[in-house]
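Given chain U's structure and the hints, the job is docking chain E onto it.
The chain contents come next:
2 protein chains.
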Amino acid sequence: MNQFATPIAVSLLFVGCWCHALVAEESTQPLPSWNDNATKQSIVDFVEQATTEGSEGFIPPAERIAVFDNDGTLWCEQPAYVQLVFAIDRIKAMAEAHPEWKNEEPYKSVLEGDMASLKKLGKPGLAKIIAATHSGMSVDEFRSIVNEWIASARHPETGLLYTEMTYQPMVELLAFLRANGFKTYIVTGGGVDFVRAWCEEVYGIPPEQVVGSRGKYKFDQRYGQPVLMKLPQIDLIDDGPGKPVGIQQVIGRRPVIAGGNSDGDLQMLQWAANTVGPGMAILIHHTDATREYAYDRDSLIGRSDKALDEAEKHGWLIVDMRRDWNKIFPRETLD
Amino acid sequence: MNQFATPIAVSLLFVGCWCHALVAEESTQPLPSWNDNATKQSIVDFVEQATTEGSEGFIPPAERIAVFDNDGTLWCEQPAYVQLVFAIDRIKAMAEAHPEWKNEEPYKSVLEGDMASLKKLGKPGLAKIIAATHSGMSVDEFRSIVNEWIASARHPETGLLYTEMTYQPMVELLAFLRANGFKTYIVTGGGVDFVRAWCEEVYGIPPEQVVGSRGKYKFDQRYGQPVLMKLPQIDLIDDGPGKPVGIQQVIGRRPVIAGGNSDGDLQMLQWAANTVGPGMAILIHHTDATREYAYDRDSLIGRSDKALDEAEKHGWLIVDMRRDWNKIFPRETLD
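The listed protein sequences correspond, in order, to chains U and E.
First residue of the first sequence? That's 1183 in this note's numbering, and the numbers climb one at a time after it.
First residue of the second sequence? That's 1183 in this note's numbering, and the numbers climb one at a time after it.
Looking at chain U on its own, in the form it has when it is part of the complex:
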């Protein structure tokens, strides 16, 4: 035993106690924006079981994969998908270089602010708008465009930045899961390159942990330098049955926790809830017309009749925003 052995042993003991106290302190008060009720308890219990070796609900660390939808699950999707607002803003910004758009649909309706006509053009119109604004540039250029836009674009009703319209309870849930050894992923029907541009700063989720819809890419050379270009052709629609497909393509493991809010998340929730071992499906239910929006079964955005039926039938965890959350956004009003 050398001269340092005893002090080190003593010191480790002290540091051990001290760390343990910190952990205990934290674990008695996780998820502060969640009300202390059965919903919160279900989550805390699941995680406690998952991390307790020997318990029935134990999940080995490597298998702790948690996936969450973005629009309507991690941030506000009303009155319009944020990415659609981005695309419309981009059409307006690009219009000067495209004088022909004044007389060409769907650009004409966008430029005239005629949302009724735009809606009538349906999915083909939308696809053209997405293609025009999400391809023809390198992945690096697209990231810069998104970052510039999202730093200043504001929600039409609250006046908050879109990145301030994330759900504080969900941001806490992501952090709580990570603190318990879960790898947290976003699995979005939205464009993967759009979300990857800002997700690390906003959710603490790095770009490599985002699954989403995407166009095709092409590796090319420009001015003697390699570039990865974004093409207009669709490669994956990461929605509905496409979500488990996207999860397999990118993650290659079946998630044990999935959170969503609409029928577009149904198959992803089924996939996580039906694991051989423990699994948890979480359905966010928009019930708070005062602090956010109240919508569900037949909403144009975030329709959830099938998901709600299935959640009720199988006893999935339904999060009632009005009942279960004491806070919705990180800050509720403008300064």
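In short, the hints are calculated from the structure, not lab data.
Fair warning: there could be bad hints in the mix.
Note that identical chains are pooled: a pair holds if it fits in a single copy or bridges any two copies.
What the hints assert, rightly or not - DMTMM-like cross-link-like pairs, simulated, lysine to aspartate or glutamate; straight-line CA separation at most 25 Å:
1) Lys1400 <-> Glu1492
2) Lys1495 <-> Asp1470
3) Lys1305 <-> Asp1487
4) Lys1398 <-> Glu1245
5) Lys1495 <-> Asp1402
6) Lys1274 <-> Glu1286
7) Lys1398 <-> Asp1271
8) Lys1400 <-> Asp1417
9) Lys1400 <-> Glu1323
This one's a predicted model, so the numbers in the text were calculated from it and none came from an experiment.
Chain E in isolation, oriented as in the chain U frame:
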């Protein structure tokens, strides 16, 4: 200051010294299977710069993405791609259920062990063999099939398990990079589901950090349970210009280190070497006919004329296996 403050402060000091000593010990002897020469020094220097804040070569932790080809870079690809051996073994195992294969190419040639005829059938023949053996089952079923096979299949010349024919210096490099905050990925031209089945145990790389070729998937219900089925249609050929595409699909970041050994890795190496900040391209050169195989420019498997030209032109790090590695496989012979 409470009564514990002083002991804790003292203890932290001691633990700090002790940990520092351990780290220093380890960092003076990384990569033991690499000879102490300029090649090894290049790697060590790059990593030291990458992890030294304020240095010209510093790379923020979040951007430390390192990608490696598998066949011929992390494990032996001669005399045949391991996955092709797997597919041929599967055709033989499945033949009883397919009596028609006795008279149908390319199965006929496989069952008769007529490799010359099989080679003449070219890529379309190979595609049929891959489709027949890599689709029609769920992702879970496929994983079980691969795991069962790889636990017993042996290399025809060394008699070692294929998982014992990984390159020890590269396994050490992966661990060295991870110890320095790099996220290590496999980016393989082979099938992603094939590699994901065993990569965690063999390389310490989890399934979610593998990019590879893949077929399409279909989310379905079977006996009331959700399954993800493997379809025969190709979704991504993760080879050549497909490698940066696969990297963008799955990782969404540009790697700062890439390692490969053939022309199929060329674009991935260009992608990593040409970052705005520091980047390193590593080309494994198979020069050791005694301990492994010597092949390069015009080899049927692992052809590398373009990659070698580009590496020489741009000063990429060429790893000469005979010169730079004092050990090739974890154990050189059968017990």
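Quick rundown of the hints versus the structure:
{"no.": "1", "hint": "Lys1400 <-> Glu1492", "verdict": "between (40 Å within a copy, 21 Å between copies)"}
{"no.": "2", "hint": "Lys1495 <-> Asp1470", "verdict": "within (23 Å within a copy, 63 Å between copies)"}
{"no.": "3", "hint": "Lys1305 <-> Asp1487", "verdict": "within (21 Å within a copy, 47 Å between copies)"}
{"no.": "4", "hint": "Lys1398 <-> Glu1245", "verdict": "between (30 Å within a copy, 24 Å between copies)"}
{"no.": "5", "hint": "Lys1495 <-> Asp1402", "verdict": "between (50 Å within a copy, 19 Å between copies)"}
{"no.": "6", "hint": "Lys1274 <-> Glu1286", "verdict": "within (13 Å within a copy, 59 Å between copies)"}
{"no.": "7", "hint": "Lys1398 <-> Asp1271", "verdict": "within (23 Å within a copy, 35 Å between copies)"}
{"no.": "8", "hint": "Lys1400 <-> Asp1417", "verdict": "both (12 Å within a copy, 15 Å between copies)"}
{"no.": "9", "hint": "Lys1400 <-> Glu1323", "verdict": "within (14 Å within a copy, 33 Å between copies)"}
Checked against the numbered hints above, the structure breaks none of them.
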